Amino acid sequence: MTAQARTGGYRLGVDIGGTFTDIVVIDAHGTVFSKKLLSTPHDYSEGIEAGVRDLLAELGVPAGDIVEFVHATTVATNTIIERKGARVALVTTEGFRDVLEIARFRTPRLYDIRYRKHDPLVSRELRFEVAGRLGADGEEVSPLDEAALDGIAEAIRTSGVESVAVTFINAHVDPRHEARAAALLRERLPGLMITASSELVPQQGEYERTSTTVVNAYLRPIVTAYVRSLQRRLDHMGITAPLMIMQSSGGIAPAALVADQPITIIESGPAAGVLGSARLSRHLDLGDVLVFDMGGTTAKATLTEAGDYTVSPETEVGGGPMLGARMVRGAGYPVQVPTIDIAEVGAGGGSLAANDGAGGLLVGPRSAGSTPGPIAYRRGGTQPTVTDANLVLGYLNPGVLVGGELTLDTDAARRAFGDLAASLRLEATETAEGVHRIANATMLRAIRSVSSEKGRDPSQFTLLAIGGNGPVHACSLAEDAGMDKVVIPPVAGLFSALGMLFADVEHQLVASFYRRFDETRGSDLAEATAGLVARGRDLLATQGFAGAAQDIRVLVDVKYAGQTAPLTVELDAGPAAFEGATPAVAADPVFAEIAEKFHALHDQTFGYASPQEPLQFVALRAICRGVPEAPRMPGQCLRGNEKVPPAIDREAHFAGHGWHRAQVLGRAALPDAAGDWRPGPIIVEEYDTTCVIPPGWEARRDGWNNIHARRVG
Amino acid sequence: MTEINPIRRELLKNALVTIADNALVMVTRTARTANVKNSMDFSSAICTAAGALAAQGMAVPVHLGVVMPALKGCMDHFGADIAEGDVLASNDPYSGCSHLNDIFTFKPIHVDGRRVAFVSLVLHHTDLGGRVAGGNAADSQEIWEEGLRIPPVKLRDAGRENAAVFGIIASNSRVPDRVIGDLRAQLAALDEAGREVEAIARRMGADAFDAYLADLIRHAEELTRGAIAALPDGSVEFEEWNDDDGAGHGPIRLHCRLTKRGDEVEVDYSGTQDDTGGAVHCNWEFAVSCTYAALRTVLPEEVPNNAGLYRPIKVIGRPGSFVSVQYPAAVGSRGQIGFRLRSIVLGALARLLPGRMPACAGGSEFAIVASGVQKTAEGASRRFLHLEFHNNTGLGGGPDADGQDAGPYCIGNLANVPVELIESENPIRVERYAFIPDSGGDGQYRGALGLRRDYRFLTDGVRVQVRSDRYTSRPWGIFGGGPGAGGRLVANPGTAREEALSSKFIRGFGAGDVLSVTMAAAGGYGPAEQRDRAAIEADIRQGKMTPAHAARVYGYRAEASDPEQAA
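Quick note, the sequences are listed as chains A and B, same order. At position 394 of the first sequence (counting the first as 1) the number is 428 in the working numbering, and the numbers step up by one without a gap. At position 94 of the second sequence (counting the first as 1) the number is 126 in the working numbering, and the numbers step up by one without a gap.
So here's chain B without its partners, still in its complex pose (with noise of 0.2 Å):
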């Protein structure tokens, strides 16, 4: 037995996630797409022999329980025959992972022939096949629709490259050299990571890596239990709506019933309704995994996220629930169910901790691909992928302030994408990104305004495949916070040619045509009318808010000696 000395194990904590946030680091630098970086889309982790998460370094938050799961597929599969120098890989959401593009590796370590460690390493991949670049098709019904489903499989066998598997990725991708590239990348980090967590195992002796790693969690778990404690007791229900599932049928209701007691807290989602199809509802892991990042946020900062902060946290939900569909349900746009579990769950916490948060975030969880062929300056021809998404718009108002306009958002902490970058790599001249006035939710705290992205299409035969939503759902107010303005995209604003295009679509554009972009606004907090005058006529003079929507909402009159002021 081995006897757990307090700052050994701070030390040992330091060295795994140093060693999981410097895995990826070093995917940044190595992988091909772009994607790769402006995403962030990849998390990395540390688990022991048995598959616990033991330490997690990541960029998304939406990741922080979803390795758990993947791994526990993985050695389902494999069993007992898991050896030294192998490497597992699965993207099967029917095996435990979450959607095709994020392939999961994970690499046994041994020492002296006993396993003592899993490294792990997840990264989103740009495309995978399926009916549409990208493979995050909103509307898709089945899983073989959305592209390479694989299973788990041994990418190394005993040290030894499975040549296969590579060419089944390769041949099954539009990009076959980015993804092939970033899944070296993914390889070599895997590796590095693999070595210096066996090299810590190795100085300390098997048995007192284990203890130790069992005690991470054991103490995680006893800060989580001590965090939650201090909470509260109660219990609140919050619902909210997704437009559609992507297929034509909606609005979709979420509801959960969160109930704190004592230093547990439980998730009920049973009241979510049940699957209706599509591709934007998402596997009972994925949902699991976004209710721990919701309520990690009321969680201090210590708290190490590993196996032990979940322990304290009881998740419930129905099989065949929207939130828990079955095989062979498609989940390619899984993500956008994320930010509405999110939403749900910060909406509960609201209500059990008033004062303490805000109202919802804002966005249209956009995400668009463009793909097609253009001419270079020489003649020859060139396919162009453009993926890019743009989820948040800004905060939600309050609990002692406004919504920050454009402040950044966690749950995918996703960068948006340059325009200068999109314009050198694309036939697309981005022609307006601007904040939307009037459109954040009202309140004694405003919401963050909404967001315009307009895109003008330079060669014809561009298919634009877009995934969004809040067009009728839109960002919840709170405590007599009105919502934000919903979503809209149009084709060719302004011209005699202008349409009304739904949230979510696959079509075609030609040389010339315009795709303009609203992405919903963030809730407001509290009623308007105990908004600061000063904060309208900041409002006013920055032109994030008109006169007549100061007047109409807030009863705003400028002072009579002050004409400027309304001007």
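Chain A with its partners taken away, still in its complex shape (with noise of 0.2 Å):
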């Protein structure tokens, strides 16, 4: 069974957060099943089983009718952030082996003197020096010391070590003393898994790789016994469908590969709910879009442009959402691996609202997460918070959480909100929208950062809401950022469980090749690439793409010499941009298509360009796409087996209008024949979030079943 999808048939999504998982089932007419339930932490795959089997025996599907299962998992992050991965062993250059503990230095908190950075995931005694170094060129300096392999392979062998890691200074340049000690190791510790830091995507920093490789050795008997057990499970159900993968770069692929490259799918819920809603922009033809995604606790925006979003060569795993943290880095573990450039920021329907002790309103970045949770869920929390807010501005149903069992107690909420505001001598309405709103400029903040980091102005964007509280912010968070267009789509607040579901089979494969353009021969250019290249095109065989299935693009990482960040070009034929290479030093056509276009992205995103300046090479890059034979995404997408409590018309808060009574109803009574649009203040109530329409936009709903909203006048 290749990973190629049947057409037809059942498709199903799943998606495991750390409190819920979500399941998505649709089929060959685009209409959507889903069902959300607890998650289980002590073996998240039985919690898959049990949903899949309800599900499945609610719509009364045969397993064998299941033609794709994708999943995507906290399963890696979470292993990390509750250090409960494997005992891992690092073998590494002579004078290094404290490079992975040393770090970078970095703190997210400038002036908190208490800060401590993790603990590193390999302890000292099992961090081993080898003799043998490799110069920046490739050149070596000294043998690699192969006999001393052999005492450090026993030393592992009864320290109780499941898993190596294997990095050795500038084997990003070339691997082969990193190489040789790995088959060395591998031959003398067949048991063991073992990883080295050139198998992965290989590129400068010696601690960043390293700590790329240990990460992987940390996570991949964890990664490797949880796809098993799930495929087990799978098997039984009598699901034939291959289990694939969504990985943090936007690709899927088969569990079996991400076992090994665990790295690989660290963002997996969250890159779901990117690709989903870039895909899903460009059938629309949405142009720039801010994919908006709001749950309980963080919010994340990522940028689209005509469906593309950007991959950043980088992420750090562990370290939580925190404002800044993108720039001063050091939070979490460093992953040198393609993941969508997602930032995000502490805010969700959990952050707490509280008086600053002078006066002031605060809110978060202190949150109550799932437990206890707002006040109005009756599970202990004693302080107001975002969705509190949302409650008392009226925004979300007085009486239950929509397509859940939980009664809520909106009194308690009123109450709350009523001793904040008199301690800030407000009324209690207008603190509740201080909140609201409080909160969207934290959250802005992601979004600018996404868009400054881009040069590009918010203002020109559609905002495309997605998670269970993005649709209740979206128009409000639009309007504080100067948007005029938000799009929410169907099953919104299960979207990335959706979402995966439009992905390809993606690898993305990098070679780090760092050298001045003046000083580099295309043919050697070629090489490399045509070495990247042939590996891209055996992955995809073995999964059963072959010939024009096999969609391939080369990149190129260019920076001016000296520059820190380089940006990555496309050459426009492929493959084939190295055709005729020849051994000239940068005289190939190639070398002036890369220049160019280097030179145009710099000023596009930077406002200047400096053509007179030397170009420095820094890594390549090959993503290598399986065609699929059918479209991934579904020509509508109608909702099936919702239950949502009966509309019933509210009141409800909105800042600069103050109390309006607001339409309430399900989706499928939007009006869907194009240019008539309904006026707010509308409120959407479905089975997995809400959205909020205010005064003063209007909205309609397309032939793909998305809510439009437009700011009019």
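Quick caveat, the hints were computed from the structure, so don't treat them as lab data. Please note that the accuracy of each hint is not assured.
[Stated by the list, open to error] Covered stretches of chain B (chain A as the covering partner; in silico rule of three or more C-beta atoms under 8 Å from a C-beta of chain A):
# : segment
1 : 211-221
2 : 249-259
3 : 317-329
4 : 569-576
[Said to hold, decoys possible] Subject to a maximum C-alpha distance of 25 Å in a straight line, what follows is the list of computed SDA-like cross-link-like pairs (lysine to any residue):
#  : chain 1 : residue 1 : chain 2 : residue 2
5  : B       : LYS407    : A       : ALA595
6  : B       : LYS407    : A       : SER176
7  : B       : LYS407    : A       : GLU647
8  : B       : LYS407    : A       : ALA618
9  : A       : LYS593    : B       : SER456
10 : A       : LYS118    : A       : MET227
11 : A       : LYS593    : B       : ARG461
[Stated by the list, open to error] Selected chain B positions facing chain A (Cβ under 10 Å, derived; list incomplete):
#  : residue
12 : PRO38
13 : ALA63
14 : GLU224
15 : ALA231
16 : PRO332
17 : VAL335
18 : PRO390
19 : ASN424
20 : TYR441
21 : VAL451
22 : GLU455
23 : ALA466
24 : PHE467
25 : LEU490
Owing to the predicted nature of the structure, the values given are computational and were not obtained by experimental measurement. Note that the Cβ used here is the ideal one computed from N, Cα and C, for glycine as well.
Taking the hints as your guide, dock the two standalone chains into a single complex.
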């Protein structure tokens, strides 16, 4: 069985978050059925089996009719956060075993003298050094001490280690020492999983590359076991579709491959939401879109342009969201792996509101999380949250959590806002509105950080809102950001589970290529690229994609010599760009293409270009995609099996408009004829979220079943 | 009179900090120099029309108080001659700036012809001339030795670029492309921040914008006073030493008396000795800024960084002392004394607030500039310039845990430079980067270990300038804890040509020569005999402490039944 999905039948997406497991099934006509249940952290696959069985039983769909099973999971991230990974040993170059622990000295908290970075994932006694050194050009300075590896292997064998990381200085330039050491260790330690840095996505930076390799080694036994357990359950249920897993870069890959390289799935769930949004944006021709995903504890923002998103070469895991952390890194473990560029801030429905002691209103960064949660949830919360504010403002159904079993205590939320308001000498409603808008201001920082980094003005963008709380805040946030257009897709609250079904099989490969432009031969560049492309073709071939079904893009990271951050330019001709490469230095036409594109992109991004300055290659990239036989996205997306409470109009309060009677309805009640817009205030209640359309906005539904909202006047 | 609504104020505060932070994100992305990103040696701010700090986005704590005096220098110079479309700039330590590498830029923001704010961006530039590359020689005596001094000037005059100033800067730098590139990045970010501030002020109206900025400052002052009032009253002293002044005199005594009364704090440096020359001392504006940054560590995180935070803090010193040097003293290496000022203020706080503060952090405030000419593979020659700061090593011990080895210590939030980056861009090979066992200050909670970093030069004629300290004045322990091991510099260790070097030097190195750098460890907390046995064993297991040291200092003996333990 290959990864090529069959057409027809039912496709199934499962997204596991820390609290909930979301399951979405979509049939051949684009009808979506969903289920949300509590996750089972002791063994997440247990919850998946239970949920999938229930949903299939409810729908009367036999397991054999499932033609595709795609999964996004937090298992990698949770393993890091809870420190439940494998016992790992590190083998590295003599003189550098402390690199992993020394790290980079960055603190994300400038004045906190109690701040401590995470302890290293490999303790010092399990970090081994071996003599042998390559220089920065790959030349051998001293030979690898192969004999010493015998002793190291023996020490590792007796230490209870399950997984080994191998990272040598300058192995991103030439892996021969590192590869040899890994081969010798594999011979001597047959039962252990061995990860060498040069087998992942090797890039410059000994700490970052060591950390990447160690994180991979730390996760590998856990993710391997998880994938096996899940596969057993699928077999048991009679689901024969291949198990595919969402990667942080936006593509899906077979579970067995991911189990060996678990660093590729760290941002699995968020990537699924962005990927789905990007595909939808392209389908609807929305142009520039800000994908806004707001949940209970964090909010995320991602920029997509004409359906393309930015993939950054590095991420951090285990640091948690922190304002400014994108700039001042150091909160988590760095991992060099292509990851959709997502900005995250600690603002969500659970963010707490408080008086700062000097008559100021604070919202976050502290959060009530899912326990105790908002006051209205009656789980012991005593401090008002953003969700309580949304309830007081009338945005959320005052009786029950929509689609849920939980009855809400709106009166308690109102009382809490009364108390907070009195301490600030404000009105309760005004205070709730303030909390809603201050939360928006924090989330705006995420939006601004992704747009400023690209030098783009958010006011020209469409806001596409997903996540349980995204559609509640979408329009007011858009107003605060100066945006006029909002799109809320169907199943917005479970959109990651749906979005992953739009993803293609994809592998992102990177090779370090750190050379001055004017010292590089065309044939060397061609050779390095050809190696990368060949690896990508092999991978795709083993997954059933051959010939024209292999779509390979070639990209080059370039910077001005001395500059820190490279920019990535894509070669129009892909792998063919290197046909006829010559040994001449910087003379082949491809050099001119790269230079021209780099200067143009630099000018577009930063407002200037310096064509007279020397350029520096940094890395080569290949994005290798399996072209699907059938379109991944359905032509429409209607809702099946939805349970919502009866729609009853209610009073709601809107900034600048005061209290208004808002129409409460289901999505299907919105007009879907082109040009037929319904004026706000409207509240659309759904199984998984609530869409708030304020006065001054109007809304309609498109043929795909998205809600479009636009500002009028 | 505008009535202040706390929600609007909070929203404005958020908006301004977002603008300031985004200016820094933009500089980071666009700057030409690795140093800009690695050292994060820049900050952005929004000030009132009268020059009071209203919001700051920053990456380096020592910048907490530097913006206002530099802006005042420019405002004093230009007076009424500041117009829409101007960009003011200066790097002059005798007009309120801190050292020549930091070029401050200010853009006035106008609404309907009335000035409502200044946006500000300061950035450390790699090289502005002077007798040594990078400009931070510790042994300079006069400001003219340190490079290009830019008095308050207009980089732009009513929107028109002052090409002469750009030309002067370019022709005074060893790396003009990088410096002009970084300066353009700085201006682009300043313009963007300016546009956004102007849009907000226009939307709110100039009067309301003024009133809210003033109230942001008032509110920060109220929060600061509340936080100070919660600390115990008292008056404590602390003294510390710098090994030398960079020009051969030393040790240098630094002293402060910290008095906390009610909701105010006074820090008095009058007991600090007189200036002796060299370039590691600082001007008064920088001393005050470092004091704010040190005191900020005991204030809650939610206190906004603006002029209101300064108001309850009084800093006193003597002109002509080591922390308030007079024209025309050189100040290029003033960062080092910034570390020592922070050290004595935190030391004083440790005495005022027992059980709350750790012992002294580790680090030798190490800075290296290595420059020369290297041959490329094609036989061409290329100049190289490697600039690296490695100021800290780890955290001081206590009050309730060991100092974290290589724990980030914030005053300059500097990253170390990747070995592989150094090697790919310079004829230098780094041969070791490692903890030094037994080096952490002993105690119930030991200090973080010192670090060793060895550089081998691969070409002849490399000119190396090093600035470091903590050879003799070791990072202090407290409440019975011992000091961390000191710093040390050695050329060609373990060879016939081994040579001990001073903590600050400029000299040549040839192909094959090694410079071995030992960076000081952090101080310990509490008496060694109270150290937990399991902590000693963990250190031995990890090779961070030798059994011999454990026996000698802690009286530790491995259990007879467990002979492996001592191995």
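Item checked: Violating hint indices (sorted, rising) -> Violated hints: none at all, because every hint is consistent with the structure.
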